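*Asks:* Fit chain B to the known structure of chain A by using the hints.
2 protein chains.
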Amino acid sequence: MARIAPVNARGTRDFLPRDLVRRNRVFALLRETFERYGYEPLETPAIENTAVLEGKYGEEGERLLFRILKRGRELESGVRALDALPADERGAASLARSLADEALRYDLTVPFARVIAAHQNALVLPFRRYQMQPVWRADKPQRGRYREFYQCDVDCVGSRAMSVDAEMVAIHCEVFTKLGFTSFVTKINHRGLLRALMEACDIPEEQRGAALTAVDKLDKVGLEGVRDALAKAEIADAAARTLMEMISVSGAPTETIARLRPLVGERPDGQRALDELGAVFRALAEMGVPDERVTLDVSLVRGLGYYTGPIFETVLTSSTLGSLGGGGRYDQLIGMFSGRELPCTGISFGIERILDALDEQGIALGEAVTTTQALVPLFAPETMAAAFALAGELRAAGINTEVYPEPRDLKAQLAFANKKGIPLAALLGPDELAAGAVVLRDLRAGTQRAVPRGEAVAAARATLGME
Amino acid sequence: MARIAPVNARGTRDFLPRDLVRRNRVFALLRETFERYGYEPLETPAIENTAVLEGKYGEEGERLLFRILKRGRELESGVRALDALPADERGAASLARSLADEALRYDLTVPFARVIAAHQNALVLPFRRYQMQPVWRADKPQRGRYREFYQCDVDCVGSRAMSVDAEMVAIHCEVFTKLGFTSFVTKINHRGLLRALMEACDIPEEQRGAALTAVDKLDKVGLEGVRDALAKAEIADAAARTLMEMISVSGAPTETIARLRPLVGERPDGQRALDELGAVFRALAEMGVPDERVTLDVSLVRGLGYYTGPIFETVLTSSTLGSLGGGGRYDQLIGMFSGRELPCTGISFGIERILDALDEQGIALGEAVTTTQALVPLFAPETMAAAFALAGELRAAGINTEVYPEPRDLKAQLAFANKKGIPLAALLGPDELAAGAVVLRDLRAGTQRAVPRGEAVAAARATLGME
Chain A
1256 MARIAPVNAR
1266 GTRDFLPRDL
1276 VRRNRVFALL
1286 RETFERYGYE
1296 PLETPAIENT
1306 AVLEGKYGEE
1316 GERLLFRILK
1326 RGRELESGVR
1336 ALDALPADER
1346 GAASLARSLA
1356 DEALRYDLTV
1366 PFARVIAAHQ
1376 NALVLPFRRY
1386 QMQPVWRADK
1396 PQRGRYREFY
1406 QCDVDCVGSR
1416 AMSVDAEMVA
1426 IHCEVFTKLG
1436 FTSFVTKINH
1446 RGLLRALMEA
1456 CDIPEEQRGA
1466 ALTAVDKLDK
1476 VGLEGVRDAL
1486 AKAEIADAAA
1496 RTLMEMISVS
1506 GAPTETIARL
1516 RPLVGERPDG
1526 QRALDELGAV
1536 FRALAEMGVP
1546 DERVTLDVSL
1556 VRGLGYYTGP
1566 IFETVLTSST
1576 LGSLGGGGRY
1586 DQLIGMFSGR
1596 ELPCTGISFG
1606 IERILDALDE
1616 QGIALGEAVT
1626 TTQALVPLFA
1636 PETMAAAFAL
1646 AGELRAAGIN
1656 TEVYPEPRDL
1666 KAQLAFANKK
1676 GIPLAALLGP
1686 DELAAGAVVL
1696 RDLRAGTQRA
1706 VPRGEAVAAA
1716 RATLGME
Chain B
1256 MARIAPVNAR
1266 GTRDFLPRDL
1276 VRRNRVFALL
1286 RETFERYGYE
1296 PLETPAIENT
1306 AVLEGKYGEE
1316 GERLLFRILK
1326 RGRELESGVR
1336 ALDALPADER
1346 GAASLARSLA
1356 DEALRYDLTV
1366 PFARVIAAHQ
1376 NALVLPFRRY
1386 QMQPVWRADK
1396 PQRGRYREFY
1406 QCDVDCVGSR
1416 AMSVDAEMVA
1426 IHCEVFTKLG
1436 FTSFVTKINH
1446 RGLLRALMEA
1456 CDIPEEQRGA
1466 ALTAVDKLDK
1476 VGLEGVRDAL
1486 AKAEIADAAA
1496 RTLMEMISVS
1506 GAPTETIARL
1516 RPLVGERPDG
1526 QRALDELGAV
1536 FRALAEMGVP
1546 DERVTLDVSL
1556 VRGLGYYTGP
1566 IFETVLTSST
1576 LGSLGGGGRY
1586 DQLIGMFSGR
1596 ELPCTGISFG
1606 IERILDALDE
1616 QGIALGEAVT
1626 TTQALVPLFA
1636 PETMAAAFAL
1646 AGELRAAGIN
1656 TEVYPEPRDL
1666 KAQLAFANKK
1676 GIPLAALLGP
1686 DELAAGAVVL
1696 RDLRAGTQRA
1706 VPRGEAVAAA
1716 RATLGME
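Protein sequence lines, in the order shown, are assigned to chains A and B.
Position in the first sequence counted from 1, then plus 1255, gives you this note's numbering.
Position in the second sequence counted from 1, then plus 1255, gives you this note's numbering.
Hints listed in this document are in silico derivations from the structure and should not be mistaken for laboratory results.
Owing to the predicted nature of the structure, the values given are computational and were not obtained by experimental measurement.
Be a bit skeptical, because a hint or two may be false.
[What the hints assert, rightly or not] Per the computed footprint, the stretches of chain A lying under chain B, defined by three or more beta-carbons under 8 Å from a beta-carbon of chain B, are: (1) 1299 to 1306; (2) 1319 to 1331; (3) 1345 to 1355; (4) 1405 to 1418; (5) 1634 to 1644.
[Unchecked claim] So, partial list: chain B residues that the calculated Cβ filter (under 10 Å) puts toward chain A: (6) ILE1259; (7) ALA1260; (8) VAL1262; (9) ALA1264; (10) LEU1297; (11) ALA1351; (12) ASP1356; (13) GLU1429; (14) PRO1660; (15) GLU1661.
[What the hints assert, rightly or not] Here are a few chain B residues that sit away from chain A, every Cβ distance over 10 Å (derived from the structure): (16) ASP1524; (17) ASP1614; (18) LYS1666; (19) ALA1692.
Cβ coordinates follow ideal geometry from the N, Cα and C atoms, glycine included.
Chain A on its own, in the form it takes in the complex:
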């Protein structure tokens, strides 16, 4: 038999059952919470036309697209077209455009915008949707960074109401609480406020991007570091000083908002931003989100350029892992395909980061390392029918039950269960059959007991802690 090396594509992973037990538990908890809040699932294909993806992710992003090679005659004519290219235009980017017109999904936002435009008549607004699917980016693989990874987005399109922005934060809070994180906080800010503050500091339009980038680093480099970054960006001293004061305002949200009002002054957009922040925090309180889980952080910027209103980011306060997710309102992006502006707000969950954080914080999410809960060993051909019947009853009672494929030395069968991490073995051999009993062996505790055959299922459920 010719041997081919069983090697994964670079930067990709196989998920064995042991990995998936934990991953799927996190995924299920996310889905369940989203649906509890009335968010509906959406799925889009892995493959998109490059016309849909191009011009959305910048030059760097486009370099990282996994493009699909044309096939058949289209490929042949694409290659002929290359022959006509002058040597200085044969860089990878222009080659890629001749040889591919499809590529793999790079994020979930662009496909979402495409779906909204394509299915306008089938969708009822406001439309709350979540999407959890892999995306592909040909980044240099490194520890914790893969070329295929899941993204998880929750968005509501079609409403300008601040209650929806608050709901995003409430969902973040509920998910992270349910996952078992105890020390996290969601920072909230507003793009309109940041813009008004820049104006109030007389920072000229063309310097604002650099100034925001400097401000955004506050939690990593501290006030000193921000001051240096502002100086490096050649922000005027006076402006930098005023800005530093503004982003240092802190305290309870209502107080912070009150202190920011005079700083914003007579800028209607800025005052409206403060009104909206007030509405978000009011709704959060009404929704029962604990005060200590949310903070108004004037230094929060969020990298992406498309945000227009409130922005959020959740961080672990006891870790350097950084953000577990974030989002904000983006009222102009979703119309890129429909040509019709549609208000939208959303958050994402950094799934891979969350899984790392669970590890770091020692949160196990249960002790199971396999979905299988019970093994029924086989003793002899004559007892197989009884063993199959027992397995059937255990399954009907909701216990995931594996039957060993054939009669074999019991020790070997129990060693198999132990190696797999199956917590329970239900033994029904010739002796048990004669005695009308089943022996339940708790493989974690290393204990066992015989129970009457008729009570075996209930006793198995009890041993497994299934109420």
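*Replies:* Okay, now just chain B, sitting in the frame of chain A:
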């Protein structure tokens, strides 16, 4: 705003919530059943090295691979290599090899075999796994055939025991029963039996492929059709006649086996095949699979060349939709990467076909068209806190509850719920708040009733039929 056409890649689909409610219910039922039988989840990346995929799917299959275009310098040097190719070697296949060394998953079997080889030490044998993931094939799209579609495979590697083959059939039977199909049967045959019968008919080795292809069409073209096909394949008349008699043997499995024994004669492999079929049917009876759900069908062949033992296929008896899935034992395939032969048996579920069949048979799988179960409308800013509190309680009781984003005309909010197919609205406006009540409006029935605030959650669950 520049308008880009929101067009899907060819042959791919968006799944809107309405589609996913049904799809996800089928997926969940499959997963749950597989795990009940002790099968564990496995997931592999969408992208595989072409070295892993090539040589597995035949020339036709390789033409249909979605290959990933190389990037950056590798792409540039790939294109330079093309320039050196003589004109007559610049067909699509050789171009593809120069320009791509990765491709999208084409099936789930090859990645499974790769995983078994790559993670030999982490996996405990026998290893039962299921895998439900999309695959990609650049087939010409047509009604019911897509370029991205889900496959669903259930396999057990590492055991030669016939109880596992029987278990595959039992799982098929359980899934199709739970889905609500009432008229289906799983046909069972054995590749070793077919081989022995061909020998017994003196059909020469080189004609056996053609003969099997003819026999495989029995249920589509009838005995007459098979006779014609055998003649066309130039099978000798006497041999064809004997073969026709053999594949017409039918009846209860034990009788069929007894009648086949003399036809197989002194061919040990053939007699062993009959022993194995006997063991499969015995185990099926012991597992409680109803007799009418399984049949020994000597004309079942199954296309794929790699089967070596029992083979299965489940068909709807009241439909022309054909097979809902099938499988068999393949003891030589899984070792293609490890160089070590490992026995394996498995079945697949034709997910897209099953969804079509549910439609055809009028099986709705519940009336829900959205995952959302209740809408809490908003009446006025003063009642929002009470509405959020009610929504929180409904969610805590397991009811998927959406809050309308802002106060608005009630009629419009109920129209929204109706359009989305949300079955229940829980009204808590100023009047209800004053009266200490909640009005539950059953939007399917068009009826409503007021209940005391403290009983609202229990009453909502009852209205929704939640126990």
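*Asks:* Are ALA1260/B and chain A close enough, Cβ to Cβ, to be under 10 Å, as the hint says?
*Replies:* holds, 7 Å
*Asks:* For the region 1405 to 1418 of chain A, do at least 3 residues have a Cβ located nearer than 8 Å to some Cβ of chain B?
*Replies:* It holds, with 4 qualifying residues against the three required.
*Asks:* Return the status of the interface hint for GLU1429/B: holds when the least beta-carbon distance to chain A is below 10 Å, violated otherwise.
*Replies:* holds, 9 Å
*Asks:* Please check whether LEU1297/B passes as an interface residue: C-beta within 10 Å of a C-beta belonging to chain A.
*Replies:* This hint holds: LEU1297/B lies near chain A, its Cβ roughly 6 Å from the closest one there, short of 10 Å.
*Asks:* So is the region 1299 to 1306 of chain A in contact with chain B by the C-beta rule, three or more residues under 8 Å, or is the coverage claim wrong?
*Replies:* holds (count 7)
*Asks:* Would the hint on ILE1259/B be counted as holding, given a Cβ-Cβ threshold of 10 Å to chain A?
*Replies:* holds, 6 Å
*Asks:* Can ASP1356/B be said to touch chain A, with a Cβ gap under 10 Å?
*Replies:* This interface hint holds because 9 Å falls under the 10 Å limit.
*Asks:* Minimum Cβ distance from GLU1661/B to chain A below 10 Å?
*Replies:* Check passed: Cβ of GLU1661/B comes within 4 Å of chain A, closer than 10 Å.
*Asks:* Holds or violated: is there a CB of chain A closer than 10 Å to the CB of PRO1660/B?
*Replies:* holds, 4 Å
*Asks:* Would you say LYS1666/B is clear of chain A, with no C-beta pair closer than or equal to 10 Å?
*Replies:* Holds, because the least Cβ-Cβ distance between LYS1666/B and chain A comes to about 15 Å, which exceeds 10 Å.
*Asks:* Count residues of the region 1345 to 1355 of chain A with a Cβ under 8 Å from any Cβ of chain B, then say if the count reaches three.
*Replies:* Check passed, 7 qualifying residues.
*Asks:* Less than 10 Å between beta-carbons is the criterion; does ALA1351/B satisfy it with respect to chain A?
*Replies:* holds, 6 Å
This entry satisfies every hint, going by the numbered hints stated previously.
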